[in-house]
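The primary structure of each chain is shown beneath.
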Amino acid sequence: MIGLDSLGTVWSEIFDFSDYRQLLPLLKNSIIACVVLGIVGGLIGVFVMMRDMAFAVHGVSELSFAGAAAGLLFGAGVVTGALLGSLTAALLIGVLGARARDRNSVTAVLMPFGLGLGILCLGLYHGRAANKFGLLTGQIVAIDDPQVTSLIVISAVVAVGLVVIWRPLLFASTDADVAAARGVPVGVLSIVFMILLGLAVAVSVQIVGALLVLSLLVTPAAAALRVSSSPVWVPLLSTAFAVVASVGGILLAAGSSIPISPYITSISFAIYLSCRLLSVRRTSHRSPEPAHAT
Amino acid sequence: MSVVLRLERAALGFGARRLWEGLDLEVSSGELIAVLGANGSGKSSLLKVVLGQVPLWSGSATFLGTPVRRGDRRIGYVPQQRLAEDGVPLRGRDLVALGVDGHRWGVPIPSRARRQRVNQLLSSVGAEAYASTPLSSLSGGEQQRLRIAQALAADPRLLLCDEPLLSLDLPHQRLVSDLVDDARRRLDLGVLFVTHDINPILDKVDRVLYIANHRFRIGTPDEVMTTDVLSELFDAPVEVIRHNGRILVAGVPDQDPYHHPEAAVLR
Ligand SMILES: Nc1ncnc2c1ncn2[C@@H]1O[C@H](COP(=O)(O)OP(=O)(O)OP(=O)(O)O)[C@@H](O)[C@H]1O
Ligand SMILES: [Mg+2]
Numbered sequence: 001m002i003g004l005d006s007l008g009t010v011w012s013e014i015f016d017f018s019d020y021r022q023l024l025p026l027l028k029n030s031i032i033a034c035v036v037l038g039i040v041g042g043l044i045g046v047f048v049m050m051r052d053m054a055f056a057v058h059g060v061s062e063l064s065f066a067g068a069a070a071g072l073l074f075g076a077g078v079v080t081g082a083l084l085g086s087l088t089a090a091l092l093i094g095v096l097g098a099r100a101r102d103r104n105s106v107t108a109v110l111m112p113f114g115l116g117l118g119i120l121c122l123g124l125y126h127g128r129a130a131n132k133f134g135l136l137t138g139q140i141v142a143i144d145d146p147q148v149t150s151l152i153v154i155s156a157v158v159a160v161g162l163v164v165i166w167r168p169l170l171f172a173s174t175d176a177d178v179a180a181a182r183g184v185p186v187g188v189l190s191i192v193f194m195i196l197l198g199l200a201v202a203v204s205v206q207i208v209g210a211l212l213v214l215s216l217l218v219t220p221a222a223a224a225l226r227v228s229s230s231p232v233w234v235p236l237l238s239t240a241f242a243v244v245a246s247v248g249g250i251l252l253a254a255g256s257s258i259p260i261s262p263y264i265t266s267i268s269f270a271i272y273l274s275c276r277l278l279s280v281r282r283t284s285h286r287s288p289e290p291a292h293a294t
Numbered sequence: 001m002s003v004v005l006r007l008e009r010a011a012l013g014f015g016a017r018r019l020w021e022g023l024d025l026e027v028s029s030g031e032l033i034a035v036l037g038a039n040g041s042g043k044s045s046l047l048k049v050v051l052g053q054v055p056l057w058s059g060s061a062t063f064l065g066t067p068v069r070r071g072d073r074r075i076g077y078v079p080q081q082r083l084a085e086d087g088v089p090l091r092g093r094d095l096v097a098l099g100v101d102g103h104r105w106g107v108p109i110p111s112r113a114r115r116q117r118v119n120q121l122l123s124s125v126g127a128e129a130y131a132s133t134p135l136s137s138l139s140g141g142e143q144q145r146l147r148i149a150q151a152l153a154a155d156p157r158l159l160l161c162d163e164p165l166l167s168l169d170l171p172h173q174r175l176v177s178d179l180v181d182d183a184r185r186r187l188d189l190g191v192l193f194v195t196h197d198i199n200p201i202l203d204k205v206d207r208v209l210y211i212a213n214h215r216f217r218i219g220t221p222d223e224v225m226t227t228d229v230l231s232e233l234f235d236a237p238v239e240v241i242r243h244n245g246r247i248l249v250a251g252v253p254d255q256d257p258y259h260h261p262e263a264a265v266l267r
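Chains as they are written, first to last, in full-length UniProt numbering: chain W, 1 to 294; chain B, 1 to 267.
It should be emphasised that the hints constitute simulated quantities derived from the structure, not laboratory data.
Glycine included, C-beta positions come from ideal geometry on N, C-alpha and C.
Among the clues, some could well be false.
What the hints assert, rightly or not - Just a sample of chain B residues kept apart from chain W, beta carbon distances all over 12 Å, derived:
#: 1; residue: P67
#: 2; residue: R104
#: 3; residue: Q120
#: 4; residue: L166
#: 5; residue: N199
#: 6; residue: D203
#: 7; residue: G245
Claimed, not checked - Among chain W residues calculated to face chain B with C-beta under 8 Å, some are:
#: 8; residue: M49
#: 9; residue: D52
#: 10; residue: D145
#: 11; residue: V163
#: 12; residue: I165
#: 13; residue: R167
#: 14; residue: F171
#: 15; residue: S229
All chains, full assembly: derive it from the sequences and hints.
Put into structure tokens, the structure is as follows:
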């Protein structure tokens, strides 16, 4: 009974849904931000998976954190700092790491540097403490109004940009040699993609925190790829998963005293697990492929 | 028969390293030319020149009367590398569809015409059975078929195949070379077919381009694949044996210890 009791205490420490109704309207902006973030994360995640860039995403987000922390310290603002940091990192990784192997080493070099720089800036900063920690592990409940506006604008730029380059980027990410032979500007596309990725990371860092960006930019797409190989369904599912995770995260976080990120990461992970289980069941139930005549 | 591709006194190399020079080659429509030579002799690089991705040291390369340029869609290309299919949300038919309109901006709009074109291409290589199978679960031979369909999607005048038979078993080698042969007859295509082994395509080849020692020989298989010609080309006693309609080349010297780094990575 003691166990249950303390569980109850922990529960009520974390959750307090008593004035949830009054709370929800105040959250409108944050919910919108989470929807937009989910869409962007779900869409760009498909290409992150195709281009095998999960590690690079992590690296970009550490530099985005450094930028945001510097922005906080020098008063330039978190958004500006995060943007500068992640765009610099994305372009560095894009230009220096055209090949996968180079990319991993460039990322591995940048990542601790970014993290260290960010911690230094936070150490020197004497402002609000919650804000400091939030850059690494996510916000308590999101964000003030001007920040929401900038999040939405940046996300819209990423989403529109992705839609415009969608098909050639898919081609280039599948088979760069053939795409180049077909006149697809493979090199330009990969730089444009890195810029969009940098923007998406900068937005995500402000909500889920630098350490947990992968849960929105990679996990949903990885889950979608488990259950489908259709170029239509994978981005749709991935977007849906990411939106469920981010909006679910904010709804749970609203009634609780913990930052939003553990909710997002848990939902995201649960979706991934379910998709894995589903795909295991599907493949083990599949009848053997018909033999092809040769 | 019109000339599709013309190379004149072409020379190519990288850095200080010369690959070949003095290459005069004409490919006519409907003609299938096998490109042979050791690892690192510059076969893939020749195709890159034709694709406008690598500049010649000297000489000229013209395709349909104008200098070769990047991204000419009238050239179909089946590259040497296998597809990296992990985490790729594509099925067989999607790969072919990329050949149809993958270069266009935006998201693809499904249409009846597009679907029919893809179906037609799939059936032209006999790949209907795995149109909806994820790329990652297709065998090398099946992928190769789809890539040929993809390469044919834009109605090319010239087809460049870089070792399309690599790592295929004998029946699939036969099948893929039949496909290429069928396509060039049907569509009147010029074909450059890079291969290590001429035998799977021996009965289809019009001419052979054999590159070795920075030099080359061009001619029909009967002209080039002889003991005299190859011995002279390699500067070493090479023996060519014809047996049961197959050509066996023995004693090719290890002339070029330098193998290009990618070779080790290829499976
Ligand atoms: N972009 C490049 N820069 C520098 N060297 C290159 C480049 N591309 C190719 N090479 C070199 O040129 C040589 C010929 O390469 P190529 O790929 O054309 O050979 P290949 O005849 O196709 O060989 P294989 O049979 O192994 O495919 C190799 O030594 C390679 O290292
Ligand atoms: Mg080659």
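Supplied contact hint for S229 (chain W), tested at 8 Å Cβ to chain B: holds, 4 Å
Assertion that D203 (chain B) lies outside the chain W interface [Cβ separation over 12 Å]: holds, 18 Å
Restraint check, 8 Å cut-off on beta carbons, for V163 (chain W) near chain B: holds, 6 Å
Chain B contact restraint for D145 (chain W) - C-beta distance below 8 Å: Violated. Min distance 33 Å.
D52 (chain W) as an interface hint toward chain B, with CB separation required under 8 Å: holds, 7 Å
Claimed clearance of chain W by N199 (chain B), with the beta carbon kept past 12 Å: holds, 18 Å
Chain W versus G245 (chain B) - minimum CB to CB distance exceeding 12 Å, so not interface: holds, 21 Å
Status of the F171 (chain W) interface restraint (C-beta, 8 Å, chain B): OK, holds: F171 (chain W) within 8 Å of chain B, min 4 Å.
Interface hint compliance - M49 (chain W) to chain B, C-beta minimum distance less than 8 Å: holds, 4 Å
Interface hint outcome for I165 (chain W) [beta carbon to chain B under 8 Å]: Constraint on I165 (chain W) satisfied, holds at 7 Å.
Nearest-CB test (12 Å) between chain W and Q120 (chain B): Consistent with the label, Q120 (chain B) stays out of reach of chain W, its closest Cβ about 19 Å off (over 12 Å).
Verdict on R104 (chain B) as a residue remote from chain W, using beta-carbon distances over 12 Å: violated, 6 Å
Of the numbered hints listed earlier, those contradicted by the structure are 2, 10.
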